[in-house]
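J.: For the sequence shown, the tail end lands on 362 under numbering that gives the first Met the number 0, and the numbers increase by one without skipping.
Just so you know, these hints were derived from the structure itself, not from any lab.
Hints may contain errors.
[As the list claims (entries may be wrong)] Below are the SDA-like pairs computed for lysine to any residue, each with C-alpha atoms no more than 25 Å apart in a straight line:
| hint | residue 1 | residue 2 |
| --- | --- | --- |
| 1 | Lys215 | Glu120 |
| 2 | Lys201 | Leu319 |
| 3 | Lys182 | Lys296 |
| 4 | Lys249 | Leu93 |
| 5 | Lys351 | Ile320 |
| 6 | Lys201 | Val95 |
| 7 | Lys201 | Glu300 |
| 8 | Lys351 | Val95 |
| 9 | Lys182 | Val112 |
| 10 | Lys182 | Lys330 |
| 11 | Lys274 | Glu300 |
| 12 | Lys182 | Asn250 |
| 13 | Lys296 | Ala61 |
| 14 | Lys274 | Leu93 |
| 15 | Lys330 | Lys215 |
| 16 | Lys274 | Ile244 |
| 17 | Lys274 | Pro350 |
| 18 | Lys330 | Ala61 |
| 19 | Lys326 | Ala355 |
| 20 | Lys330 | Lys296 |
| 21 | Lys182 | Glu158 |
| 22 | Lys274 | Glu158 |
| 23 | Lys201 | Met323 |
Since we're looking at a predicted model, the values are computed, not measured.
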Amino acid sequence: MGFFAKLFSSQSQTQTPAPKPSPTAAVAVAPENPPSPAPAPLHSPPSAPVKDLGDADRQVLANSFSDLLLDAGAQNKLPPNEAERSIIRELEQLMVGDIPDSAVPRLPEVAMVLMKELADENVSQERILDQMKHDPAIASEVLRMSNSPLFHVGHEQVENLDRAVQLLGFNTLRTVINAVLLKRMMNIPPIYFKMYGQYLWKHSVDCAQACQALSKQSGVADPFNAYIVGLLHDVGKLVIFRLLIDTLRKNPDLNPRGGVFSKIVSENSMRLSVKLARQWDMPHYLLQAFEEQIGEKPYAECSAYGFILKQANTVAEFKLIAEMTAKNQAKLDELIEQYCIPLYLLQTAFPKETAALLALPEA
């Protein structure tokens, strides 16, 4: 049997065997805008007082996260050079009009169709698998990721997409496909800030997993939809990096400085994510969640997905900072206090990773 045929070996069957139950498959879709008090359990266990993560704390953490990944140092206090000013001017123009395709790492047409349809909570299994027939490269990547420890905990090898549905459940397979598509988009050339693309991908997956975990814990939002919100929230950063590469191609003698570039990313990336979500005609729940990350909108006024994304992005950023900088318990305690991170929230989103952090030596 040929490789292409093997990927879709049981597509011709009229009925697909019932998928193995998965955490996401068992959850009914929650209303997009539940009553405001409903998300409160996300903050802390019922027996503990509720403590919001203030927007000021979130912004300080976001700046520290960006500075760390871009090796900023104290450069963010420096005025921008010509290359950096050019990027700022380009961004200002993008904020006024549509973002051209050339400003975004381009996916094949099939991939763009898939990304849009996967965000539709009513899309059918048959529709998604049929779309993937047209791009065996995506299908093969999906199978490889389906067999990775990130998504597959069993012993049986996933050999085709129908079997992936049976073993993982359709909703889990949808998360795998979305992860594959985003990873393709985040293939940032390692010319400037060499590790940033890798860390951006890791953070996107961390944020997606945190969104999913917090949505399950709270019961106010569909875990699969929450995963997609977390996975795609940083697509605006891809536009900024594309501008960086294009600008420095024209000005090869100029070097971007991490601190200045970090400030550009912090001030513009979420607004670009909103514009891309609107241009790509993403569902309302996703667009609204992105919009609610801009400015200082109180948690209680956010939609379920916007609320979850605020919490998930915060703990995901903190997790990566802690993993990269905390070598002992004293440093971990210092970071938790510095950024006002409720430990329960971190444990809910990342139980294994939090346990590893708490097992660090005392000094």
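J.: Output the indices of the hints that this structure fails to meet, ascending.
T.: As far as the earlier hints go, 3, 6, 7, 8, 10, 12, 15, 17, 20, 22 are violated by this structure, in ascending order.
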